[in-house]
Amino acid sequence: MGRAGHPPRHGRYRLSRAAFADHLRARLGPAAAAPPALLHRLAARNTPPYAAALAPPDAAAVAEALELCAQEGWPVRPAGAGTWLEPRGEPGESGESGDPGGPGEDDTPVLISTMRLNRIVEHEPADLVVGVEAGVSTGALAAQLTRHGQWLPLDPPAAEPATIGAVVAQGSAGPLRAGHGTPRDLALGVRIATGDGRLVHFGGRVVKNVAGYDGVRLTVGSGGTLGVITEVYLRVRGAPRDDRTIVVGLGAGAGAAARGADLALEIRDQVGCDALELVSPAVAAALGLGASWTLVARLAGGEAAVQEGVDRLKWVAERASRTVGGAVSEVGAEPWSRLALLESDAGVAVRLTGRPTSLVEGLGPVAELAEGPEGGWLCAAHAADGVIRVWRPESAPLERATARLPIPAIGGWTARSDRLPVHLEVPRVRRREGVRELTRKIRAVFDPRGILAAGGGQ
Amino acid sequence: MVTDRVSTSGAPIATHAGEPLPPPVLDALAAAVGAGAIVTSPGSLLVYESDGLTAYRSRPRAVLLPQETGQVAACVRILADAGIPFVARGAGTGLSGGALALAGTVVISLARMDRILEVDAGNRRARVQPGVVNVELSAAVAGSGLYYAPDPSSQTVCTIGGNVAENAGGPHCLKYGTTTNHIVGLTVVLTDGSVVELDSGAADGGLDLLGLFVGSEGTFGIATEIAVRLLPIPEAVETLLALFDDVDDASRAVSALIAHGLLPAALEMVDREAIRAVEAGAYAAGLPTDVAGALVIEFDGTPAAVRADSDQAEEICRRLGARDVQRATDEAERQRLWYARKKAFGAMGRLAPDILVQDAVVPRSRLPDTMREIYAIAARHGIRMCNMFHAGDGNLHPTLVFDRRDADLVRRVDLASKEMMQACVRAGGTITGEHGVGYDKRDYMEMIFSDDEMALMCDLRRAFDPRGLANPAKVLPVRICREWVGPATRRVTDGTA
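Chains A and B, in that order, give the protein sequences. Read in order, the letters of the first sequence are residues 1 to 458 in our numbering. Read in order, the letters of the second sequence are residues 1 to 497 in our numbering.
Each hint should be verified, as a subset may be incorrect.
Claimed, not checked - Only some residues are given here: those of chain A computed to face chain B with a beta carbon under 8 Å:
#	residue
1	217
2	238
3	302
4	309
5	414
In case anyone wonders, no lab produced these hints; they're calculated from the structure. For every residue, glycine included, the Cβ atom is placed at its ideal position computed from N, Cα and C.
Same shape as in the complex, but just chain A:
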């Protein structure tokens, strides 16, 4: 696969939008057309218009699609099953645009979905490694692993039919990051179609590998700005023989949130949980845990280890409860899947990252927002990792023009938008010039025409 040539610059296309869509269809054939299920989902989620929607049948076809777009300089939006694409915010404008467009008239992207790349490439259970095409859904992967008594300890805020490729591309992790890390820690190898249609791999199917530069970590979390991930190898684990959840209700108000933050650190130091979440009253209520700031801890593994951890956690929590109030109880595993669903439904989502020991400071204004009069804001924190998420469900949207996270700057905390970009009053890291320049150069290595600049939803 050769590199792209030197077509006209971005925004000055040789072909109209409609003609380019026809060109893609002619070159890639009907097998690469987006299936109705994807088109329906895009329409239902009211995603922004696209010049064409493709779902190529294999990695080579993904690469060819990218090469064709690069030759024309047409922007591309990578996608999995389309569940994470941001909604447009205005009804009735999703779908393939009928506007013929023309040179210099629009940047409507070509959407390239990996949902047809849905094969398990390799799973040798004795290796505790699985290789999958990027379009395999998180549910299908979980089912494959469960059949062999294994699991992927990764619980991103994603619901069926979200794909594993999208999870890896976004570097998305959920509460289990406390005990098992993020996709950065679990991905062993990737194959990626670059922005100019080269198909390259990094890493492999073994658990240790330092041959060549670490393109795996570079690709994980790159949000589709380097290419389209077509295949991933992941480290998996034996399924836990025991899996228990302890909750500690802490009451309402900023004081309760602060108590939760302090207790979370104590639990982290004394127990070591697979997941340790501090959720706001509204989230706790949605999880069926009562309307209170609540610590939710998960311990999963061998029976002896889990029992030992549960006993210790209860001892720590009950001792704390005697001094600050609160109720300790054990519940089933349902809160974890409910939390993932709740977050997957976010229309606006912001993530704040700081030090675990300053969680109290980070939570202060967030707690006020979560319990404030405006309503609709939900909040949860990976308490042991210093990550706070604030989000609104799609059913409680903000107008794009006025979208604003109404909390003041929190010193030492970094903010990023995970969904619809919002105006952030909290400070964002200003990447130094050197890093910006390196990032620009690296993106140019993978995507010389800059057709992936918009990425896959970032």
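Given the coordinates of chain A, work out where chain B should sit on it, guided by the hints.
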């Protein structure tokens, strides 16, 4: 001066005496780091002729010994202005020739940058200079109940900076991951002397430049401050030694332990040759020398969990043919069980004057057949070999013992090494799991990467180092990344260095 002899890579051979640095450059460097931090005398430069892979030797033009980031940046800027390539060096324990100073290059030694700058126990973080010795970091934070997990075999000597460059591993990486899983931030001097802060990009949606930099073997720049993640010291540790009469059985036990879902902190294998070498030396642990292989299995965590996992591991080993399974009852006993693994490398010195430690990885289920193939390769070439390796990771270290004065034996060692790499790649593995590509394995990269892929990596390298000044001619075959125009370094085969 070394006599030129053989190139196993097919690269042209040349001799280079190493021109002294021009006086204006020396003056500028002296102003930057002080005259006492510059080594130029031939006798002193001998120390820097090779790293842990002594098969290759090359004398640098000079060695610089900066003490802080500003000095490193100044040195790099001066060298860049003069167009002089450089190579960063930690303790020089690397095993792939990564710190080899090819002719014409200047070594920037980070040995004097050995301060622990900050320990944040509450957040389980520390910030260190690159010259901090691996094990000394753990010792420094032990009072807070914390330690630094990556533990390469050379951890009493090797530095955190070198570990970052190589993405070093170690026995306990099975459970805790390699260096890259424990680095959370870097201050890096780029090849134009500018300074950048790299992170994983997770907090603000940027690219993971941190992950890309770790393991780049000094070809992207020089890490001058390193933020690391610390872990709580495990409450309980239990170590087992399982003795087998058949290496195949031991290999199968490794696969079975992993497949069973057990996650030991370490799962190491030593074979008969290694045990015999240890038992003949000062660290004899009283192990039977007639066993074919032994597994060192270690669990850590809470007491009940460790006990339960150890019981299961013992049962599995016995079921798969272990002649005996010993369990340490105290720390002294634990150290004794580890001797066979940890002291094996040093004990090899009794067998022959030279050692080549290979490094490759296979899927864990392929251990039994790959081990058989590796033994067959060594036998076919008439090479004495020991094996002590990270079996739980599938990370093999066939250790070939030889005498460099025997040119034919050196040739056979090279051939056998290559065939072993090919065998591991055929099994679905890779050419290095923790030692890096360095100088030694550049030409093996073609076994696992296409020209397109290597060209992309070369472009990544140019994004950091457009002039090819940082550790040139390493990692990628020279035919792919053509930044190196100097003479190739010869392989020492006659001991006249």
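Each hint tested on the structure:
1. The criterion of a C-beta within 8 Å of any C-beta in chain B is met by residue 217 of chain A, whose closest approach is roughly 3 Å, and the hint holds.
2. Because the beta carbon of residue 238 of chain A sits about 2 Å from the nearest beta carbon in chain B, less than 8 Å, this interface hint is met.
3. For residue 302 of chain A, the shortest C-beta to C-beta distance to chain B is roughly 6 Å, which falls under 8 Å, so the interface hint holds.
4. Against a cut-off of 8 Å between C-beta atoms, the interface hint on residue 309 of chain A holds, since the closest Cβ of chain B lies about 7 Å away.
5. Evaluation of the residue 414 of chain A hint against chain B yields a held restraint, the C-beta minimum of about 4 Å falling below 8 Å.
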